[in-house]
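Chains as they are written, first to last, in my numbering: chain A, 83 to 202; chain B, 83 to 202.
These aren't lab readings, by the way, just hints derived from the structure by calculation. A couple of the hints might just be wrong.
It does not matter which identical chain is used: a pair holds within one copy or between any two.
Said to hold, decoys possible - Heads up, simulated DSSO-like pairs for lysine-lysine below, C-alpha to C-alpha not over 30 Å straight-line:
| no. | residue 1 | residue 2 |
| --- | --- | --- |
| 1 | K198 | K121 |
| 2 | K198 | K166 |
| 3 | K121 | K164 |
| 4 | K166 | K121 |
Number of protein chains: 2
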Amino acid sequence: MSNVKVLPILEPETEPCCPPLNERPLTAEEAERTAVMFKALGDPVRLRLFSSVASHEGGEACVCDISDVGVSQPTVSHHLKKLKEAGLLSSERRGTWVYYRVEPTVLAAMGALLTKAASA
Amino acid sequence: MSNVKVLPILEPETEPCCPPLNERPLTAEEAERTAVMFKALGDPVRLRLFSSVASHEGGEACVCDISDVGVSQPTVSHHLKKLKEAGLLSSERRGTWVYYRVEPTVLAAMGALLTKAASA
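Modelling step: build the complete structure from the supplied sequences, incorporating the hints.
Encoded structure:
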């Protein structure tokens with residue numbers, strides 16, 4: 083018996099947040115919801131932190147794993163929380179540390195907004 | 083003879099700005115460049131304007147075409163200029179009006195950052 087947890091492999095589904103950006107003008111409500119996600123990635127430090135989590139071994143990281151973006155640990159925590167509030171990261175506490183991982187469905191939805199708009 | 087201009091159909095190419103966000107942590111310089119684009123879409127009004135241009139007939143629009151986002155024409159102009167500065171729109175003056183259109187290569191590059199990160 084192995085004690086390695088086997089997680090089901092889920093295909094990231096595109097969340098039905100909004101149509102591609104070139105299909106029709108977004109409504110005010112759709113734009114409010116979607117802008118929050120883009121804004122979260124619209125800061126260089128948050129973007130570096132996000133790519134640090136996304137590219138970390140196992141696809142998850144805690145503050146303790148991230149030390150090379152030139153900001154203090156409380157600042158790292160603050161930005162990771164912002165990314166979580168925007169729906170881009172999920173988190174789980176294990177002992178002392180909170181571990182963050184990327185929300186693939188949200189990313190896929192954001193990507194679809196852009197790539198479908200780009201290729202039409 | 084037709085006087086309709088036939089433009090070559092170009093496949094949007096992904097600009098080699100950065101790797102997908104889950105490949106490795108972005109460098110400070112990559113993050114600075116990329117955050118500018120996300121930030122431009124991180125405002126609800128700009129996002130609505132962007133989708134208005136992207137979904138307008140012929141894939142282009144001038145300020146004169148956009149009147150339904152609840153802000154004044156100077157504000158529309160201001161935001162369109164911001165989107166242009168971020169590389170998301172290109173513009174061309176024709177007579178009185180400046181026409182804006184979506185930059186598909188930039189959008190494709192942003193989309194690739196996200197969708198490749200989502201599906202890995």
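For each hint, the structure was consulted:
| no. | hint | verdict |
| --- | --- | --- |
| 1 | K198 x K121 | both (20 Å within a copy, 20 Å between copies) |
| 2 | K198 x K166 | both (25 Å within a copy, 20 Å between copies) |
| 3 | K121 x K164 | both (10 Å within a copy, 14 Å between copies) |
| 4 | K166 x K121 | both (13 Å within a copy, 17 Å between copies) |
Checked against the numbered hints above, the structure violates none of them.
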